[in-house]
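Q: Sequence:
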Amino acid sequence: MKQVLIVDDSQTVRHEIAEALHAAGFGTLQAGDGEAGLALAREHAICLIILDVNMPRMNGLQMLEQLRLDWATASVPVVILTTEAEEPMIERARKAGAKGWLIKPVTTANIVSTVVAVTERAKS
Numbered sequence: 001m002k003q004v005l006i007v008d009d010s011q012t013v014r015h016e017i018a019e020a021l022h023a024a025g026f027g028t029l030q031a032g033d034g035e036a037g038l039a040l041a042r043e044h045a046i047c048l049i050i051l052d053v054n055m056p057r058m059n060g061l062q063m064l065e066q067l068r069l070d071w072a073t074a075s076v077p078v079v080i081l082t083t084e085a086e087e088p089m090i091e092r093a094r095k096a097g098a099k100g101w102l103i104k105p106v107t108t109a110n111i112v113s114t115v116v117a118v119t120e121r122a123k124s
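Each residue of the sequence shown is one higher than the one before, counting from 1 in our numbering.
Bear in mind the hints are in silico, worked out from the structure with no lab data behind them. There could be a bad hint or two in this list.
To be verified - List of simulated lysine-lysine pairs, DSS-like, C-alpha gap at most 25 Å:
| # | residue 1 | residue 2 |
| --- | --- | --- |
| 1 | Lys95 | Lys123 |
| 2 | Lys99 | Lys123 |
| 3 | Lys2 | Lys99 |
| 4 | Lys2 | Lys123 |
Unchecked claim - Across the chosen pairs, the derived CB separations fall in these ranges:
| # | residue 1 | residue 2 | range |
| --- | --- | --- | --- |
| 5 | Ala23 | Asp70 | 18 to 24 Å |
| 6 | Glu19 | Trp71 | 30 to 36 Å |
| 7 | Thr83 | Lys123 | 27 to 33 Å |
| 8 | Ala122 | Ala39 | 18 to 24 Å |
| 9 | Arg57 | Ala109 | 28 to 34 Å |
| 10 | Lys2 | Ala74 | 15 to 21 Å |
| 11 | His22 | Lys123 | 16 to 22 Å |
| 12 | Ala45 | Met89 | 28 to 34 Å |
| 13 | Lys95 | Met1 | 30 to 36 Å |
| 14 | Gly27 | Met89 | 16 to 22 Å |
| 15 | Glu16 | Arg57 | 19 to 25 Å |
| 16 | His22 | Arg121 | 18 to 24 Å |
| 17 | Trp71 | Thr108 | 21 to 27 Å |
Heads up, the beta-carbon is just placed ideally off N, CA and C, and yes, glycines get one too.
All chains should be built: construct the whole structure from the sequences, respecting the hints.
A: This is the structure in structure tokens:
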């Protein structure tokens, strides 16, 4: 089963996304901040990471930049899920290798379709 790592400081958001992904046939792992997310990404075979930007300890962009420095996680696709829609932040995430950007609030159906599309693109 493909594993998706959900990194968001909101337990409610993580739970809602996890339920939708489970219904679509994905397994999930969850972390409440970038440090915990980075550790999970290094320990498990992850097919995609859904990553919030504004979190304690290590924000999502810092985590993304760290992922790209580690050969074991450098190629894992990342979709940013955030309330931030400012172009400089989006550009920084793109330069760091983000494969998608979803602005909250977003439906779980949209999240699932994005996960499916990005994982399919990553296979080809």
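Q: For each hint given before, does the structure comply? Return the numbers of the non-compliant ones in rising order.
A: 5, 14 and 17
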